[in-house]
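Full structure from sequences and hints, please.
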Amino acid sequence: MTVEAFAPAKINLTLHVTGQREDGYHLLDSLVVFADIGDRLTLERAEDLSLSVSGPRAGGVPVDGRNLVLKAAALFGPGPGAAIRLDKRLPAAAGIGGGSSDAAAALRGLAALWGRDLPGPEAVLSLGADVPVCLAPGPVRMRGVGEEILPAPALPDFGLMLVNPGVEVPTPAVFKGLVRKDNAPMPDLPNWTSAAVLAEWLAGQRNDLEPPARAEAPVIGEVLAAIAASPGCLLARMSGSGATCFGIYPDRAAAEHAAILLRESRPGWWVEAGAPYTL
1 MTVEAFAPAK
11 INLTLHVTGQ
21 REDGYHLLDS
31 LVVFADIGDR
41 LTLERAEDLS
51 LSVSGPRAGG
61 VPVDGRNLVL
71 KAAALFGPGP
81 GAAIRLDKRL
91 PAAAGIGGGS
101 SDAAAALRGL
111 AALWGRDLPG
121 PEAVLSLGAD
131 VPVCLAPGPV
141 RMRGVGEEIL
151 PAPALPDFGL
161 MLVNPGVEVP
171 TPAVFKGLVR
181 KDNAPMPDLP
191 NWTSAAVLAE
201 WLAGQRNDLE
211 PPARAEAPVI
221 GEVLAAIAAS
231 PGCLLARMSG
241 SGATCFGIYP
251 DRAAAEHAAI
261 LLRESRPGWW
271 VEAGAPYTL
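Using full-length UniProt numbering, you'd call the opening residue of the sequence shown number 1 and step up by one each time.
Check each hint, because a few of them may be wrong.
Here are the simulated distance ranges between beta carbons [what the hints assert, rightly or not]:
id: 1; residue 1: Arg66; residue 2: Lys181; range: 28 to 34 angstroms
id: 2; residue 1: Pro267; residue 2: Gly77; range: 44 to 50 angstroms
id: 3; residue 1: Glu4; residue 2: Pro190; range: 33 to 39 angstroms
id: 4; residue 1: Pro62; residue 2: Met1; range: 22 to 28 angstroms
id: 5; residue 1: Gly24; residue 2: Gly55; range: 31 to 37 angstroms
id: 6; residue 1: Pro267; residue 2: Leu189; range: 21 to 27 angstroms
For the record, the hints were derived by calculation from the structure and aren't laboratory data.
Here the structure is a predicted model, which is why all the values come from computation and not from measurement.
From the three backbone atoms N, C-alpha and C, an ideal C-beta is built for every residue, glycine too.
What follows is the structure, encoded as structure tokens:
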């Protein structure tokens, strides 16, 4: 028996930092979507549990217990084995939840392969704040430390371009660079009737991590400027703690056209185009 699982890129269309708990964890209010750009996992029954990694972004990805995929598998406890193959296409430490999405895809895939229930919410959250939201990819409002996941209004069709300049931005340093940690949350989410209406609403919201991330990696400013200047771009913003940034376009075709042009002018950057994804 073989099971395949897709691990889509997680994109924070907004990311408001609204507080910090006594244990140090930050409180967030974020509109999250997923892109049909991501990693792929293939899982087969085996005597032992193993992980192999291939693909254009496989370099430096651990295949031992440090990898979140194997940590996710451990949550099921003792049981049958599995040979897990990860086709790594998303850049690591990039603000688009690649490792978390891989872990969530592994949980879905192993549950199907072994006929088991998914581990409980607290166990899943122990893998990282982004893993719970990645379990059922789709547009949601994520609050708290990642444990409060609320449905979002239906999104209009739109195109997405993701761009990473090839630098890793350490998340702890970005949070440490926040000027304040008690920023205003998002207002109630409206109904968005078009990509343009969505982009206009998003322009009034924030990613509070963008200023400190740009201080850590000034190239993020170059990325945002390049996206904003691309034909058809309705909004350019950074995702998560960076350094991946995204552009919103009227449709997939416009995003793909922008990606072709940006790859030509910035061949060293990772550039992918797509559209929202829902499991």
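Structure-based check of all given hints:
Our hint of 28 to 34 angstroms for Arg66 and Lys181 holds, since their Cβ atoms are close to 29 angstroms apart. Under the hint 44 to 50 angstroms, the C-beta atoms of Pro267 and Gly77, about 47 angstroms apart, fit the expected range. Under the hint 33 to 39 angstroms, the C-beta atoms of Glu4 and Pro190, about 36 angstroms apart, fit the expected range. Range check, Pro62 to Met1: about 26 angstroms between beta-carbon atoms, so the 22 to 28 angstroms window is met.
Range check, Gly24 to Gly55: about 34 angstroms between beta-carbon atoms, so the 31 to 37 angstroms window is met. Checked against the hint of 21 to 27 angstroms, the pair Pro267 and Leu189 fails, with Cβ atoms roughly 38 angstroms apart.
Checked against the numbered hints above, the structure violates only hint 6.
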